[in-house]
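Next come the chains, spelled out residue by residue.
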Amino acid sequence: MSNTNANRRRLLQSLGLTGAAYFLPTLRNTPIARAQTGIPKRLVIFYTHHGVLPWQWATGSTGTTFELGPSLAPLAAHKMDLQLLSGVDQKALDVSRRDGCGHATGESGSLTAQTQVNQAKARGNGPSIDYHVSEGFKRLNGGKSPTLLDSVRSVMADRMHNLSLWGQPYSSPTGNLPVEYNPQTTFTRMFANGVPTGTKTTVDPIPFNKRRSVLDYANGEFKSVANRMGKYESERLTQHSDLIRDLEAKLAGMSVQMTNGGGVTAQCARPNGIAATSGSSGWWDATSKSVPLLMQAAIACDLTRVFCIQCQEPAPSAFGYTPGAVGTTDLHDLVHKLDVGMKEDNDKSRLDIAKVYYRKHAEVFADLIQKLKDIKEADGNSALYHTAFLWAGEIAQPGHSYNNNKWIVAGRAGGYLKTGYLHAWQGDNVVWTADKPAAPSNGDVLATLANAVGVPTTTFGLPSAFKGEVAAMKA
Amino acid sequence: MKRRRVFLSAFALVCLGAGCSGTTTGPGPGGGGGGGKGGDDVVLPPITRDSLKRNPAHELKCDNPDDPSLGDTPLVRLTTPEYHNTIRDLIAPLEMPIAKRPTLPLETPFEGFTNHAQGQTPSTELVESLETGSQDVGAIVSAGLGKLEIVGCPPSGASGEKACFDAFVDTFAQRAFRRPLDGGERERLGAYYSSMRATYDFNDTMRLVVNGIVQTPQFLYRVEYGDGSGSKIKLTGYEVASRLSYLFWDSMPDADLFAAAADGVLDTPSGVEAQVLRLVKDTRSASALGQFGREWLDIGRIESFAEDKDVAVFPGFDKTVAADMKAGLGMYIDETLLGEGGGLKTLLTSNVGFVSAKTAAIYGVGAPAGAGLQRVELNAAERKGLATQPAILAGLAARSEHSPIKRGVWMMSHIMCQPAPPPPVDLNTKEPAPAPGSNLTKRERTVMEHEAVALCKSCHVQIDGIGFGFEGYDAVGKYRTTEKVADGSMKAVDTSAVIKETGDMDGDYASGIEMIDAIARSEQVAQCFVEHFYRYALSRSVVDEDGCNIARITDQTVANQGDFAGMLNGLVKTDTFRYRTPFER
Numbered sequence: 005m006s007n008t009n010a011n012r013r014r015l016l017q018s019l020g021l022t023g024a025a026y027f028l029p030t031l032r033n034t035p036i037a038r039a040q041t042g043i044p045k046r047l048v049i050f051y052t053h054h055g056v057l058p059w060q061w062a063t064g065s066t067g068t069t070f071e072l073g074p075s076l077a078p079l080a081a082h083k084m085d086l087q088l089l090s091g092v093d094q095k096a097l098d099v100s101r102r103d104g105c106g107h108a109t110g111e112s113g114s115l116t117a118q119t120q121v122n123q124a125k126a127r128g129n130g131p132s133i134d135y136h137v138s139e140g141f142k143r144l145n146g147g148k149s150p151t152l153l154d155s156v157r158s159v160m161a162d163r164m165h166n167l168s169l170w171g172q173p174y175s176s177p178t179g180n181l182p183v184e185y186n187p188q189t190t191f192t193r194m195f196a197n198g199v200p201t202g203t204k205t206t207v208d209p210i211p212f213n214k215r216r217s218v219l220d221y222a223n224g225e226f227k228s229v230a231n232r233m234g235k236y237e238s239e240r241l242t243q244h245s246d247l248i249r250d251l252e253a254k255l256a257g258m259s260v261q262m263t264n265g266g267g268v269t270a271q272c273a274r275p276n277g278i279a280a281t282s283g284s285s286g287w288w289d290a291t292s293k294s295v296p297l298l299m300q301a302a303i304a305c306d307l308t309r310v311f312c313i314q315c316q317e318p319a320p321s322a323f324g325y326t327p328g329a330v331g332t333t334d335l336h337d338l339v340h341k342l343d344v345g346m347k348e349d350n351d352k353s354r355l356d357i358a359k360v361y362y363r364k365h366a367e368v369f370a371d372l373i374q375k376l377k378d379i380k381e382a383d384g385n386s387a388l389y390h391t392a393f394l395w396a397g398e399i400a401q402p403g404h405s406y407n408n409n410k411w412i413v414a415g416r417a418g419g420y421l422k423t424g425y426l427h428a429w430q431g432d433n434v435v436w437t438a439d440k441p442a443a444p445s446n447g448d449v450l451a452t453l454a455n456a457v458g459v460p461t462t463t464f465g466l467p468s469a470f471k472g473e474v475a476a477m478k479a
Numbered sequence: 002m003k004r005r006r007v008f009l010s011a012f013a014l015v016c017l018g019a020g021c022s023g024t025t026t027g028p029g030p031g032g033g034g035g036g037g038k039g040g041d042d043v044v045l046p047p048i049t050r051d052s053l054k055r056n057p058a059h060e061l062k063c064d065n066p067d068d069p070s071l072g073d074t075p076l077v078r079l080t081t082p083e084y085h086n087t088i089r090d091l092i093a094p095l096e097m098p099i100a101k102r103p104t105l106p107l108e109t110p111f112e113g114f115t116n117h118a119q120g121q122t123p124s125t126e127l128v129e130s131l132e133t134g135s136q137d138v139g140a141i142v143s144a145g146l147g148k149l150e151i152v153g154c155p156p157s158g159a160s161g162e163k164a165c166f167d168a169f170v171d172t173f174a175q176r177a178f179r180r181p182l183d184g185g186e187r188e189r190l191g192a193y194y195s196s197m198r199a200t201y202d203f204n205d206t207m208r209l210v211v212n213g214i215v216q217t218p219q220f221l222y223r224v225e226y227g228d229g230s231g232s233k234i235k236l237t238g239y240e241v242a243s244r245l246s247y248l249f250w251d252s253m254p255d256a257d258l259f260a261a262a263a264d265g266v267l268d269t270p271s272g273v274e275a276q277v278l279r280l281v282k283d284t285r286s287a288s289a290l291g292q293f294g295r296e297w298l299d300i301g302r303i304e305s306f307a308e309d310k311d312v313a314v315f316p317g318f319d320k321t322v323a324a325d326m327k328a329g330l331g332m333y334i335d336e337t338l339l340g341e342g343g344g345l346k347t348l349l350t351s352n353v354g355f356v357s358a359k360t361a362a363i364y365g366v367g368a369p370a371g372a373g374l375q376r377v378e379l380n381a382a383e384r385k386g387l388a389t390q391p392a393i394l395a396g397l398a399a400r401s402e403h404s405p406i407k408r409g410v411w412m413m414s415h416i417m418c419q420p421a422p423p424p425p426v427d428l429n430t431k432e433p434a435p436a437p438g439s440n441l442t443k444r445e446r447t448v449m450e451h452e453a454v455a456l457c458k459s460c461h462v463q464i465d466g467i468g469f470g471f472e473g474y475d476a477v478g479k480y481r482t483t484e485k486v487a488d489g490s491m492k493a494v495d496t497s498a499v500i501k502e503t504g505d506m507d508g509d510y511a512s513g514i515e516m517i518d519a520i521a522r523s524e525q526v527a528q529c530f531v532e533h534f535y536r537y538a539l540s541r542s543v544v545d546e547d548g549c550n551i552a553r554i555t556d557q558t559v560a561n562q563g564d565f566a567g568m569l570n571g572l573v574k575t576d577t578f579r580y581r582t583p584f585e586r
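So the sequences go chain by chain: A and B.
So the first sequence is numbered by the numbering used here: it starts at 5 and just counts up by one.
So the second sequence is numbered by the numbering used here: it starts at 2 and just counts up by one.
It is worth saying that the hints were derived from the structure and are not from the lab.
Yeah, the Cβ is synthetic: ideal placement off N, Cα and C, and Gly gets one too.
Honestly, I wouldn't trust all of these hints.
What the hints assert, rightly or not - Each pair of labels, with its calculated beta carbon distance range:
| no. | chain 1 | residue 1 | chain 2 | residue 2 | range |
| --- | --- | --- | --- | --- | --- |
| 1 | B | Asp509 | A | Ala475 | 49 to 57 Å |
| 2 | A | Met84 | B | Gly371 | 52 to 60 Å |
| 3 | A | Asn197 | B | Lys320 | 29 to 37 Å |
| 4 | A | Asp343 | B | Lys320 | 28 to 36 Å |
| 5 | B | Gly373 | A | Ala253 | 50 to 58 Å |
| 6 | A | Ser65 | B | Val499 | 53 to 61 Å |
| 7 | B | Ala358 | A | Arg232 | 53 to 61 Å |
| 8 | B | Val454 | A | Asn231 | 53 to 61 Å |
| 9 | B | Ala263 | A | Asn231 | 25 to 33 Å |
| 10 | A | Arg232 | B | Val454 | 52 to 60 Å |
| 11 | B | Lys163 | A | Lys471 | 49 to 57 Å |
| 12 | A | Ser149 | B | Ala256 | 31 to 39 Å |
| 13 | B | Ser401 | A | Asn231 | 58 to 66 Å |
| 14 | B | Lys458 | A | Asn231 | 55 to 63 Å |
Isolated chain A (complex conformation) (with noise of 0.2 Å):
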């Protein structure tokens, strides 16, 4: 009996489908061609609340020629290092809202893309993408974070008032990440081992042996079991065989240039002025100067590659207000007194206030944003080039909504992400609506961020609520 014509189906059936998965484009996107300048990505996030006033934010459809509205005048400087996403759905909240639309809930939703674990627990059911990225990182390393520091997740806050009483957006698999409100403490973490020089390599090349030398063992052991199957079965073993040695290959050549590339500038150095502060008085002037310095030094000093900031709330006094004023309590009282639908009709002495409110997060954020363009890579861009810092909220406006968020990415990420470019995924409807079929859901973003640092993500937070990486902010 023949074996002959099956055998032979099957053997040009498998060098068939050999041929075409040669020319699959895998390795364009893979995190190691991506690496290969040897500088390395960074996510930054920079997070507020109480959304934006969204007929101060900005004006424009889907295209280059956008204008800054009044609440982002600071970033006028910086336009052309932006992409604004005007519209974004938080869809995943659309499943289950757990307190309405609460502060907390988008807090647990907004960086997880996730349905709310409880109302008493402001956190998201599956990890923040800062966690997602610092993992993937670690992942790319060999197991080992590239970095002193795993992520930084330093807060601009009054610890006794505001995320005591609301959440976190930092989120693990098991429960919320920790977050430094003492600057002093993030700066002691970052500098106990003294200050990177620029000559050291950030990078340690051993990972890439190490790797090496595992695929070569594995390699080994596929030659073995080959010689001792059949002629067909040898053929799939050493299809299999060739695949590893080509990663081999690749990591040899990233193992040299990422020694011979790293992340250590020429502007790292040990930060002064870097305030105590346990959350009394005095706070919002500690952290607004002290934060972003650290930022700027943990990234120029390849200290971490994540690092996030978070702005709750500035103290009142650096926009003005006074609680108890214009017939308010607080400021939560005072945003909340305002009706997006009304725009310019709204009690003026509110308005002006919340004005003020909102265009501070922007010049914080103009400030973080000066700060990355002034570190040098050895390529020539800035730090700024070669990050995705995200703008985000846990909602989009002060009435409340998770839909139609107006979230701001400057950086692009080592060229992966466009800039200079406004998508206007909704119009200028600011109450809740129905699904918008062009509209990305968060985790569509996040995810799009993820693969544009580095991290190769298919997918991110709720299955349901996920359609894909967004294209139109890909470069």
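Chain A is already provided as a structure; the job is to place chain B on it using the hints.
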């Protein structure tokens, strides 16, 4: 003897080449064999000629019923679920966080199944994903070595390191390879350990060792050498243990299976049978065998279509309704196919449903008390069996209109093993909308369209005749007796059906329910079910050499009213399951 794949496209060739005449390929040279002996002196039941001729589109061949041939023994790689489950069981009680699981590339089914060896071409993406995941496995195991209860691990000092490593090879590595390592494997692993230990500390070295082990072919593939020579090489007990565990659990053998392999228990059919009884009772079997059900019936693709409906025609139908329908289908298959006493006949004829408040109206019952899905008895005059489950009916329909063609094609392919030939490549297969003002039902329009063109009629006479049996269900799977036609009027639907030129199901039926009863009685359908499972269980196509096995297992399945457990047992006791063919050099 020229080999051919029995199942695929057999009907297509006959239909296209012989004008749908129903011509068969003729009887094989064997057949009519008496009882004989298998590879372990097992007395095999006789095979009658009728057992080989159940499906006129492809009669089975059985040259030597006393000593059936084996067919291919392909090299099979672990599927994605098998890989994740095996890592889980290998490192237990340590755990791999879900977030660290590597995202492996989407698997492409071959002949409907993702575990088919011919669809398992490795890719760059696969190799890189496995490499990433292996790093995490290595880190978890080396950090948690003390929890694995390996004697001497972790070592208390440098002097104990080698002893720990040796014990590790005898336990962890053995379980990863799913058999004891041979001398060469042990030597190479030891050499790798020594070379790494010369540079790195013990923990780091063990991390690399584990990382390497889970990237070897012995781990990633189901490597079967067998033991012996000749045309049938008996699989070792360890290899049979892996066949069983991956078939029933989608994972590696457990301690009992390893022990049975080591003790030689799995060298005999009775030993295998004892393990099957144990494995099938384990809850893990529901998931693994459920995967067979989903892939056999193409449930994933069908469900994707079930979600997309025109809300203007079906107000209130949304993804949450579709999700409940899909969940209800999954529970239906679990109970009728995999549950106690479950099997083909129950799957095809049960009138239970798993209904939520959102889907009750579609199922034609009142909203059940309690949250979630509730098991209810459906009106037996309205629904019977898998094919009348709303998720199936909705998936085999367009957005706003039902489709007798899709329903007929699915029945022929998945239930009857007589797949309709594909339409001509230049044919627009989009079903036309009714003309404005038309007073014709979908059935009437379909008949008219297909009667007019001889090329269409030759195949649609079969497809449509079966699909018309489901005219009593609209595009979301709701039972109905009337259909709204284009002129706005309501017309009575005609659910009479006809099955032609297929075999023992042929006949005219007054209703779809009657047709379903005939299909459930069909021995040809029983054989189809066996063939599907045979391909799944062996990860390969059915070939001529499988004729004797298919006939015998079908005989048993028919005698046992389609009992699934009985069919499983019949299959794992065949020589094909416990032997391999020699390697071709």
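Do the hints match the structure? See the list:
1. At roughly 54 Å, the beta carbons of aspartate 509 of chain B and alanine 475 of chain A sit within the given window of 49 to 57 Å.
2. Taking 52 to 60 Å as the suggested C-beta distance range, the pair methionine 84 of chain A and glycine 371 of chain B conforms, at roughly 59 Å.
3. Our hint of 29 to 37 Å for asparagine 197 of chain A and lysine 320 of chain B is violated, since their Cβ atoms are close to 52 Å apart.
4. Separated by about 33 Å at the C-beta atoms, aspartate 343 of chain A and lysine 320 of chain B satisfy the suggested range of 28 to 36 Å.
5. Between glycine 373 of chain B and alanine 253 of chain A the beta carbons are some 53 Å apart, a value that agrees with the proposed interval 50 to 58 Å.
6. Hint check: serine 65 of chain A to valine 499 of chain B, Cβ distance near 58 Å, so the stated range 53 to 61 Å holds.
7. Restraint check, alanine 358 of chain B to arginine 232 of chain A: a C-beta distance of roughly 59 Å satisfies the suggested window 53 to 61 Å.
8. A C-beta distance of roughly 58 Å is found between valine 454 of chain B and asparagine 231 of chain A, which places it inside the suggested range of 53 to 61 Å.
9. Distance hint check for alanine 263 of chain B and asparagine 231 of chain A: the Cβ-Cβ separation is about 26 Å, which falls inside the suggested range of 25 to 33 Å.
10. Between arginine 232 of chain A and valine 454 of chain B the beta carbons are some 57 Å apart, a value that agrees with the proposed interval 52 to 60 Å.
11. Lysine 163 of chain B and lysine 471 of chain A have their C-beta atoms about 54 Å apart, which keeps the hinted 49 to 57 Å range intact.
12. The given range of 31 to 39 Å is respected by serine 149 of chain A and alanine 256 of chain B, whose C-beta atoms sit roughly 37 Å from each other.
13. For serine 401 of chain B paired with asparagine 231 of chain A, a C-beta distance near 60 Å keeps the hint of 58 to 66 Å intact.
14. With their beta carbons about 57 Å apart, lysine 458 of chain B and asparagine 231 of chain A fall inside the hinted range of 55 to 63 Å.
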